[in-house]
Every structure is written in C-alpha cells, then in structure tokens.
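Enquirer: Take a look at the letters that make up each chain.
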Amino acid sequence: MKSKADVVIIGGGISGCGLAYNLARRGVDVLVFEKNYLTSGATGACGAGIRQQWSTYENAELAIASVKIFEKLSNELGEDIEFRQGGYLVAIHDRKEMKQAIKNVEMQRTLGLQVEILDSEGINDIVPILDVKGMKAIGATFCPTDGHANPFKTTFAYANAAKRFGANIYTHTKVTSIKKDKKRITGVITDKGSVKTEIVVNAAGIWSKDIAEIVGVNTPNIPIRKEIIATERFKPMFEAMVISFKDGIYFSQQKEGQIIGGIPSPEQKPGYKTIPTISFMQHMASTLIRYAPVLKHINLLRHWTGFYDVTPDSRPILGETKNLKGFIHCHGFSGHGFMISPMVSKLLSDFIVDGKTSEVLNNLNIDRFKDKKIEHEMSTVG
Amino acid sequence: MDGLKGDSIASALHAQGIKTLTKSLRYDLPRGFFCGIGKCSSCLMRVNGIPNIRTCIAPLLEGVKVEIQDKLPDIPDAKFQSKPKKIVSVDILVVGAGPAGLSAAIEAAKQGTKVLIADENLQIGGQLIKQTHKFFGSKYEKAGTRGIQIAVDLEKELKELEKSGNIDLMLNSTVIGCYEGKKGKHKFAIIKRKNYDSILYEVESRTVVIATGAMENMLLFTGNDLPGVYGAGAVQTLMNVFGVKPGNKVIMVGAGNVGLIVSYQLLQAGIIVDRVVEAAPIIGGYHVHAAKLRRYGVPILTSHSIIEAYGKDKVEGVVIVKLDKNWQPIKGSKEKVACDTVCLAVGLTPSTRLLYQFGVNMEFVPEAGGFVALHDDSMQTTVKGVFVAGDSSGIEEASTAMVEGKIAGVSASLLLGFNKNAKDLKKQYKKELDRLRAGPFGEKPRIAKRKIDKLLEKKNA
Numbered sequence: 206m207k208s209k210a211d212v213v214i215i216g217g218g219i220s221g222c223g224l225a226y227n228l229a230r231r232g233v234d235v236l237v238f239e240k241n242y243l244t245s246g247a248t249g250a251c252g253a254g255i256r257q258q259w260s261t262y263e264n265a266e267l268a269i270a271s272v273k274i275f276e277k278l279s280n281e282l283g284e285d286i287e288f289r290q291g292g293y294l295v296a297i298h299d300r301k302e303m304k305q306a307i308k309n310v311e312m313q314r315t316l317g318l319q320v321e322i323l324d325s326e327g328i329n330d331i332v333p334i335l336d337v338k339g340m341k342a343i344g345a346t347f348c349p350t351d352g353h354a355n356p357f358k359t360t361f362a363y364a365n366a367a368k369r370f371g372a373n374i375y376t377h378t379k380v381t382s383i384k385k386d387k388k389r390i391t392g393v394i395t396d397k398g399s400v401k402t403e404i405v406v407n408a409a410g411i412w413s414k415d416i417a418e419i420v421g422v423n424t425p426n427i428p429i430r431k432e433i434i435a436t437e438r439f440k441p442m443f444e445a446m447v448i449s450f451k452d453g454i455y456f457s458q459q460k461e462g463q464i465i466g467g468i469p470s471p472e473q474k475p476g477y478k479t480i481p482t483i484s485f486m487q488h489m490a491s492t493l494i495r496y497a498p499v500l501k502h503i504n505l506l507r508h509w510t511g512f513y514d515v516t517p518d519s520r521p522i523l524g525e526t527k528n529l530k531g532f533i534h535c536h537g538f539s540g541h542g543f544m545i546s547p548m549v550s551k552l553l554s555d556f557i558v559d560g561k562t563s564e565v566l567n568n569l570n571i572d573r574f575k576d577k578k579i580e581h582e583m584s585t586v587g
Numbered sequence: 007m008d009g010l011k012g013d014s015i016a017s018a019l020h021a022q023g024i025k026t027l028t029k030s031l032r033y034d035l036p037r038g039f040f041c042g043i044g045k046c047s048s049c050l051m052r053v054n055g056i057p058n059i060r061t062c063i064a065p066l067l068e069g070v071k072v073e074i075q076d077k078l079p080d081i082p083d084a085k086f087q088s089k090p091k092k093i094v095s096v097d098i099l100v101v102g103a104g105p106a107g108l109s110a111a112i113e114a115a116k117q118g119t120k121v122l123i124a125d126e127n128l129q130i131g132g133q134l135i136k137q138t139h140k141f142f143g144s145k146y147e148k149a150g151t152r153g154i155q156i157a158v159d160l161e162k163e164l165k166e167l168e169k170s171g172n173i174d175l176m177l178n179s180t181v182i183g184c185y186e187g188k189k190g191k192h193k194f195a196i197i198k199r200k201n202y203d204s205i206l207y208e209v210e211s212r213t214v215v216i217a218t219g220a221m222e223n224m225l226l227f228t229g230n231d232l233p234g235v236y237g238a239g240a241v242q243t244l245m246n247v248f249g250v251k252p253g254n255k256v257i258m259v260g261a262g263n264v265g266l267i268v269s270y271q272l273l274q275a276g277i278i279v280d281r282v283v284e285a286a287p288i289i290g291g292y293h294v295h296a297a298k299l300r301r302y303g304v305p306i307l308t309s310h311s312i313i314e315a316y317g318k319d320k321v322e323g324v325v326i327v328k329l330d331k332n333w334q335p336i337k338g339s340k341e342k343v344a345c346d347t348v349c350l351a352v353g354l355t356p357s358t359r360l361l362y363q364f365g366v367n368m369e370f371v372p373e374a375g376g377f378v379a380l381h382d383d384s385m386q387t388t389v390k391g392v393f394v395a396g397d398s399s400g401i402e403e404a405s406t407a408m409v410e411g412k413i414a415g416v417s418a419s420l421l422l423g424f425n426k427n428a429k430d431l432k433k434q435y436k437k438e439l440d441r442l443r444a445g446p447f448g449e450k451p452r453i454a455k456r457k458i459d460k461l462l463e464k465k466n467a
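Chains as they are written, first to last, in the working numbering: chain G, 206 to 587; chain Y, 7 to 467.
Since the hints were made in silico from the structure, they are not lab data.
Keep in mind that a hint or two might mislead.
Said to hold, decoys possible - Which bits of chain G does chain Y cover? Going by a derived footprint, with three or more residues having C-beta under 8 Å, they are:
{"no.": "1", "stretch": "437 to 444"}
{"no.": "2", "stretch": "479 to 485"}
{"no.": "3", "stretch": "497 to 503"}
Claimed, not checked - As a list, the in silico BS3-like pairs of lysine-lysine whose alpha-carbon atoms are at most 27 Å apart:
{"no.": "4", "chain 1": "G", "residue 1": "LYS385", "chain 2": "G", "residue 2": "LYS240"}
{"no.": "5", "chain 1": "G", "residue 1": "LYS478", "chain 2": "Y", "residue 2": "LYS188"}
{"no.": "6", "chain 1": "G", "residue 1": "LYS358", "chain 2": "Y", "residue 2": "LYS77"}
{"no.": "7", "chain 1": "G", "residue 1": "LYS474", "chain 2": "Y", "residue 2": "LYS91"}
{"no.": "8", "chain 1": "G", "residue 1": "LYS501", "chain 2": "Y", "residue 2": "LYS92"}
{"no.": "9", "chain 1": "Y", "residue 1": "LYS460", "chain 2": "G", "residue 2": "LYS474"}
{"no.": "10", "chain 1": "Y", "residue 1": "LYS460", "chain 2": "G", "residue 2": "LYS397"}
{"no.": "11", "chain 1": "Y", "residue 1": "LYS251", "chain 2": "Y", "residue 2": "LYS71"}
{"no.": "12", "chain 1": "G", "residue 1": "LYS338", "chain 2": "Y", "residue 2": "LYS77"}
{"no.": "13", "chain 1": "Y", "residue 1": "LYS189", "chain 2": "G", "residue 2": "LYS474"}
{"no.": "14", "chain 1": "Y", "residue 1": "LYS71", "chain 2": "G", "residue 2": "LYS440"}
Bear in mind the structure is a predicted one, so any value in this text is a computation, not a measurement.
Just so you know, even glycine gets a beta-carbon here, dropped at the ideal spot from N, CA and C.
Required output: the full structure, derived from the provided sequences and hints.
Expert: Printed below as a string of structure tokens:
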C-alpha cells in the first residue's frame, strides 16, 4: 500500500469513485479505501433514477448540472453507463401539491430546466398504462430530460477512468482510525496499513457517521432501510419514471422490460438491518396496481434492501469541517446521491484543488444545522 | 397436445419430439430445458395466456394451451392472482420435501412440534422419485432399497403424521423469500400454485429447516445451450418419472456415480450410450457401477472431455478431446461423434438462495460443492433457529441427507423445548452419520465438514 497521498477518500460508492476520477484527472494523488467492494453500499442497491425536479435550489442546481455531465459521461469515461432520458412524471394529487408544483417549476425554469405542468388528461399521453382516477391525480409535472443510468456501470466507469489517471483504489480495506493533530488531518489507518495525508473525504454513505465520530465530528445523519422490487420482463409500455411525493412511490420500466420501483415501507425505521419486509412488498404491489392496474397480472422477481443516509433537511452535507482542516464531508445524500454525484464530485474537486467554493457548497455545509430554520427538501420519494 | 396423466407440460412435449421450448433473450437461439426440476428457467412458456411458466414442473392439464412466448411478452390478460393471502403460523417450516426435508419434518413432528413442509414440485420425494437404483451405505439407512421405494416409505410415514395433525404438506408451492419477523420468529412468503393460478401464503415459524437440495452444474463448451444438452438428473427425470426417452444416442460427460448410474439406466431404457467421457484420470464412481457399463461394452474414457456440441436447432453431435496431465486438450486428439443427446454429470451446486436472505455466514468450500452455510453439529446455521440439511448444506448422498434431516428436525424441536428422548436420538443420529461417512467415498464430505467446523470456530473466536 502507498505510504502517502494528497487525498484519501473513504467509500467506494458513486460519490467516492466520482470524486476520485475528478481529482485524479487534475493530477491529484488520490487514494480510495472501500471496506467491501465498489458499489456494495447504497449505490449498488439504488433505484438508478436521475431527476432534476427538486423543491430546493441546491438540489435542483446540482441535478441539472449533473444531467449535463451525464449526457456526455459515457464518452468522457470511455464506457457505456446506459444513460437514458425517458423523463420523470411527477403526480400532483391536490391543490396544495399543485401550488407547490407551480412554485417548484418556476424555480426550476429559472435554472434553465425544460419542465411542464400537465392536466390529468395529459398524464396518459406520457404514460398510457396509468389509471389517473386510481392514482387520484389532478395533474402532473413532466421533465423530458430526466432519466436513469446504470449505477454499477457508472461507478466502475468512474473508478476505471480514475485508475487510468493514477488513482489507487483499495477494496476490502477498512478504515480503523484517522490521525490528526490539533486542527488538521495527518493520516489514515486501515486494517491493511496506514497512509499519510492532509485531506480525508468522508464518502462512506450510511457509515459516514462512524467515520466522522473517529475525529470527534458529530453528524445528524440517520440510516434508513429502503426496499425495491423488480418484476418479470415485459414488452416496453412506458419510458418515464412515475413518482408521487404524497404516496412516496416511484417506478419505471427498464429497457430490458422489467419494472423497478419502491415506496416507503410501513415498517420503516432507522437502523442497519438488511432483511426485507413482507409488508413493503404488499404495500408496493397494491399501490403499483392502483396506479397501473394492468400490472396486476405480473410476477415479482426480486426484492432487495438498501439504505438512505438521511439528513434533517434531506439534502447532502458537503464541504470542509470548520475546526478540522482537511476533513471533508460528502455524505447525507438522503436517497438522491447517485443522480447528483457528477456535479457534487466536480464541485468538491474544484474546492480541493483550487480552494474554489460556490453558493451550493456553502449552503450545504454541515454548519447549516446550527441555524434554527433550515430549508427542507419537499420532493422526496421511496 | 397429447400426454399422459402425471405428465409435466415439458415431458409431454418431449414425448412428441418437441425439444425447443423457448428462445434465448439476446441472440434468439433455441432453448430446451437443462435441469428438468424448475431451477434453470430455460423452459419458460406461455400457458393459457400466462407467460413465464416453468413447463418442466407445470402439470399437463386437460385443454391447456401452450405457446412459445415472445422474448418480451405482452402483459397477460388472464385472470389470476386475485385471491387474498392466507396467514399460517407453525413451529417449524421445512423447505424442500426431498430425503433431508422429509426426514426433518417426520422427526420434528414425532417430537410433537407443528410442522409445515413446502416443496415446489408436484410430488414429494425430491430427487428420490427418479432414483430407481438400490442404495449403498448402511443397513440403518435403507441400503439395498431403491430410491423410489424410500420415497414411498417416507410418504407413508408422513401421511400417518399428517393424520395426527402435526404435519401440513404444501406441494406445488415455492418459498419465494424470507422476511423480517417479530419476536424472534421468521416470516416467509410462499406462493402456492393451483393449476396455473396461485395464492400467496404468509407463514410465520419459530424455526426453519432449509433442505432445498442442489442444482446441476453446467459445463463450459461451445453449443452447451443447444436443446439436447441436459443435466444427468434431467435425463433421469424424463426417463424414470415420466417414462419419456430423452433421445436415441447419448454421450455421457462425467464418470462419477451419477454419470455411471444414469448411463446404465439409459441402457435399460433401450437408449444407446455411445461412451462416457471423464476429464479426471480416474473413474470417480463405484467400481460396481462402472463394471455394469463395461459389461454392456460402453467405453469409459478417462482424461477425455467435451469441447463442443454442434447442430442446427438441436444436438447433432459432439467434439471430444483427450486431455494431458494438466487437463489441457492434446493437439490432434479431436474426435467428432454423432449423437442427439449430451448428458452432463459434472457435479452439483448447493441451492442456498434462501440462506443468503437470512444473512447466515456463507463460505466457499469446494469439497461441499461451492458456497455453503456454516453450521454446527446440530445443523444450525449462524442465525438462531435456521437449520440446514442435505445437499443444500454441502453436496453428499441421499442417505446422509436423511440423517442430517433427522438431526436438524430433532435439534429444531429441542430448541423449541420439545424433548421426547431427543438428546439420545441426536447422539444416535450423529453416530450414524459418522458411520456413513467412514469409507473412502466419504472422504470428500469428511473434508468438507471439517473445513466448515474450522471456519465456524474461527468465526466464533
């Protein structure tokens, strides 16, 4: 193992590998420690959706900028990440939601996003199999440039490209301690050896809390078990991801024909358990059928769990810790880390290399939780 | 479509010479079944409008409509899966009604526990129902009895206990998953099929015995997906369960006991066994089985393997090659042999998917056939109340599977506080197991179990 590095990233998910690539291509000597294998955490269990329709400026900005990167990412990294833009259809169920939707769309349009508000009849033009009455929708918003990509291929494409630029990625290597003097990071110790560094990036997903604790930093994150089902393959019926903030459901049909989706589980509670629940399966199936009754005749094939690393405002925690130079947060993605990872890793690499900061990075600093009033992300599902 | 009572859809199709059941997803290649026991999913067809039916274990019913399905089928318009779920609570759930599962269920019910035993096949007995040969081993464990007779005996015992109300049997039912339970209990979803319709059962149990058996190994060679390439077990199923000839001229790959016994059974059914090829330099199976083949004049070629199966839409022949001491093909040794069936008897892999769902510690033990659950001498895994028995705990024989099943059944009962002389029985069964593994052919499982013990020790340390 190398004895020193400019930057050590903890966590081999999409965030860690994306950042490793962005740093390495700029000549930074970067090293990634992953305690299991690449994508073994939330990345490998995620729903793979890419959505730009958010209620808070920071998430929308990050997602919109990320889509621009996603559009060229297969080319840039030299591997197909299976990025496709089928759009996201966001159901609106009542007047209150409509009011919020109008507000969201206004903000999103100022950021240059192409997004429209549909009435209930417009819904079936986008997704013909939906039962508008059953889903109790009065309308929807639709953004055609939303979509999805393959989280495994994207992470490995980032990791492979990072390695080509000289990054070192150590899997099955667990960080056991972090060395620091009074006010700065000095090194990282793992179960396979130690390395000197002045910068550590905590991209450890639901385990980021444990990593932060090592250096005496408290994070407000909570791990929450989430579940997803996948069905048998069928002829393509729709391209958009269908979601509802009220019901919490999201589902889409993949190119290969299977339908993948999730919904908050009735037994949802904080913790690290990975076993699935039968109540989720039934709640998901019955809600899915309410939205699209034709799907009642298909079989579920798979059902798995993953985690959301949830913060109090459902927005990520990014940037350096005030009293500990060189300790950088990159966690708390609250269920939407994959879709904003290209821009997050670009902003953090700009900060690490050039010291350049931005409004988004400033607003998403961990210190925001000290304020009495924090702006909550309203547009979450799953 | 014609067929006989008791046929599966696939066996009836085979009887009429129809071997191509579906097409491959990417390249549109013809596919027929490989395993014949519902595990390989290369026999999916549209039955009465419902796609993705495993025709090898789906019963042939009067007036059924069977079609080759599109690769990406339309959503079915048939009416099914509309019934409300049923909720059941038991002491012990046994998954799999083969020799291990049946023995576990019988033993546990005798202890007074309430047992539910679920199996995805139409009949009980697991692979015993196709084993027409006489068993070896110990006189305590049915040596000299044919496998099919053992299945009948076990069924009789089970039916007696069913009358007492201690055992419930669910056939044609698949345990699709285990889920988080409450108060230390385990929860399962079981799909019970009726005709081609199905009902969801939610089953709660305090302990579970996983006796899901094994899957046949595939071998890597060109054309290994052609219809006409079967697992040896699939050929046995066709011949001995359904009375259907798998083909007319067979190449057997593998000279372990399975390869030798199935070759002999093929001969008995009037099918030509051209030769048996075995990559290892020695015959792996019992001498007595090999000798039977030799008497028929069937060559058993050691240090030989198959490198290709050819044919347009089905097997028309194979290419055989001789191997050197490093198991590499010897140049110029290729030989083309015409045949219509290739039978692979190249080992088994434990079926462990449910065990993975529990999060039990799994380790790779080559002598056990692959990844297996670490378990103690009570057959309990690293998750409390989750037991394993039979091939799913490591590949071995049906005779040892039965004893392991008994140990698991008694141990699960003991854990729940049922104790009718259970401790003595457990001791007795453990002795029996040691006796069965004592000979030279017990070497591999002995090594496997020793490795499992060591890994468990390391884990507990």
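Enquirer: Indicate, hint by hint, whether the structure satisfies it.
Expert: Each hint, compared with the structure:
no.: 1; hint: 437 to 444; verdict: holds (count 6)
no.: 2; hint: 479 to 485; verdict: holds (count 5)
no.: 3; hint: 497 to 503; verdict: holds (count 5)
no.: 4; hint: LYS385(G) <-> LYS240(G); verdict: holds, 21 Å
no.: 5; hint: LYS478(G) <-> LYS188(Y); verdict: holds, 14 Å
no.: 6; hint: LYS358(G) <-> LYS77(Y); verdict: holds, 25 Å
no.: 7; hint: LYS474(G) <-> LYS91(Y); verdict: holds, 25 Å
no.: 8; hint: LYS501(G) <-> LYS92(Y); verdict: holds, 18 Å
no.: 9; hint: LYS460(Y) <-> LYS474(G); verdict: violated, 37 Å
no.: 10; hint: LYS460(Y) <-> LYS397(G); verdict: holds, 24 Å
no.: 11; hint: LYS251(Y) <-> LYS71(Y); verdict: holds, 24 Å
no.: 12; hint: LYS338(G) <-> LYS77(Y); verdict: violated, 32 Å
no.: 13; hint: LYS189(Y) <-> LYS474(G); verdict: holds, 16 Å
no.: 14; hint: LYS71(Y) <-> LYS440(G); verdict: holds, 21 Å
Hints 9 and 12 from the list above are not met by this structure, while the remaining hints are.
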